[in-house]
Amino acid sequence: MTMKVLVPVKRVVDYNVKVRVAADGSGVETQGVKMSMNPFDEIAVEEAVRLREKGAAKEVVAVTIGAQAAQDVLRTAMAMGADRAILVRTDETLEPRAVANVLKAIATREEAGLICMGKQAIDDDMNATGQILAAKLGWPQGTFASAVTVADGRVEVAREIDGGTEVVSLTLPAVITADLRLNEPRYASLPNIMKARKKPLETIEIDSLGVDTASRLTVVSVAEPSERKEGVKVNSAAELVEKLKTEAKVI
Amino acid sequence: MTALVLVEVENGSVRQASRSAVAAAARFGTVDAIVFGDGAEAAAALPGVTRVLSVPGLVNDLAEPAADLLAARAKDYSHIVAAASATGKNILPRLAGLLDVQPIPDVVEIKDADTFVRPIYAGNALATVRSSDSIKVLTIRGSNFDPVAAEGGSAAIETVEAPASEKSVFVKVELSASDRPELESARVVISGGKGMKDAANFKLLEPIADKLNAAIGASRAAVDSGFAPNEMQVGQTGKIVAPELYIAVGLSGAIQHLAGMKDSRVIVAINADPEAPIFKVADYGIVGDLFEVLPELEKAL
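The listed protein sequences correspond, in order, to chains A and B.
Everything in the first sequence is counted per our numbering, starting at 1 for the first residue and increasing by one.
Everything in the second sequence is counted per our numbering, starting at 1001 for the first residue and increasing by one.
Isolated chain A (complex conformation):
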């Protein structure tokens, strides 16, 4: 198998951080906040590495778009097993449409046979980049994947849907977006972290790709949601039912 798997990864505020809205309402505070690879992207990296380990793919290439600091998620991807990495350098924050334009250029240049990525980033929660990218490439899509099987020039994807699970069979090349239950990503071992430092990391200036990265959305404001008030503790199930009936009037 000669298939190359491209894995786009995103550097986001760590999932354990309780984000705070910036005082000027322009966004959330990211200064001095712990950053990590988007958890869904870790699952995508793991899946791509497993495909290579099973012999279904030849090479796993991680790609991210961002400032120099975004290199750290590429090193993490390589410590997990990606063979090499590409940083598309920009100081701008890109929307999914623009990200898809960049990734299309990279996928074309790399002649990727499969793109495996997280279903959503936990910062903007858009859940859109994979689908937009698939549309722009004219490739089929297997979103919210919980199982992936590559065989005979096709990929079969089990998808998490509202009522259960659906299975689709796609021609390759294709885009897959990973859901939570696809796999459990491995921890990068210390030797692998050391090895990852020596793996090739190419930096491309975003302007050299010549793609449209303009924003179509203007952020008017970012605000805190209204906080719920902490309620009361009750001592028994009977008291609870009484309060739900007479006070909350909900049952």
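Hints listed in this document are in silico derivations from the structure and should not be mistaken for laboratory results.
Since the structure is predicted, the reported quantities are computational estimates derived from the model, not experimental observations.
Careful: at least some of the hints might be erroneous.
[Said to hold, decoys possible] Subject to a maximum C-alpha distance of 25 Å in a straight line, what follows is the list of computed SDA-like cross-link-like pairs (lysine to any residue):
#	chain 1	residue 1	chain 2	residue 2
1	B	Lys-1111	A	Asp-125
2	B	Lys-1167	A	Gly-164
3	A	Lys-136	B	Ser-1078
4	B	Lys-1111	B	Asp-1076
Could you slot chain B onto chain A? The hints should help.
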């Protein structure tokens, strides 16, 4: 302006989330609906729908032909809207890619025809965004818009041929059989967390759910541990619910879980740990062993 709403029909009825999407779309002007597969009659009965595009040949909601068809029709519309369901989230961003517009997912409030509010960071912040695209592609959070009624309208139905799907083929679907209401539209939801300890114990929630006609949900930790199937997950990346009453049992209240239920009207938490974050959002809390509290609750109801 005219909006086109992707309406999902299940077993002959329009899903509540789609009725909310129709209600939201009505703010933009007249509303057309599109139905993939059977069920155009149910969509035609929705008040406020002028015309229904029926695509009986497009079964199983495959994103590729669905997005192709929507893109071919898009020029007639100012807004293309769907529920923020698995189907809406699969198809609409692909459509946006074909139209080269930036989709606006999970809209919780419409300010005007161009300006929308949507949650980011698991609902820990609300972003107001203005779109400069000529066609707006958006998904609507059903829990934030009162649905239109299921009956009362009489829209014209126009049958449309389905485009071929060569690159993507439907293989099979496994739906979990349940007589309970859907999580997203249930008036009462009772959810179990890791504190349920194993899958068998989820049965303890059933008699209570029966008495309250509730849907049963689960935390991500419970789903990851194999206690409950994925379609039961409530949270940032699972189902978003806002029932009248949400009962959280043995779940700590991780940020990503709260993102999926904190707009519920009344929240009850049952947890052995008095410090569990779920108590911070609960209107009523019981600190105690769920294996003792649940039977008592069943008896008290």
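Against the structure, the hints come out as follows:
Restraint check for B:Lys-1111 and A:Asp-125: the C-alpha separation of about 20 Å stays at or below 25 Å, so the hint holds. Taking the CA atoms of B:Lys-1167 and A:Gly-164, the gap is about 23 Å. The hint holds against a cut of 25 Å. For the given pair, A:Lys-136 sits about 21 Å from B:Ser-1078 by alpha-carbon distance, which is consistent with the 25 Å threshold. Straight-line distance between C-alpha atoms of B:Lys-1111 and B:Asp-1076 comes to about 23 Å, which keeps the hinted pair within the 25 Å bound.
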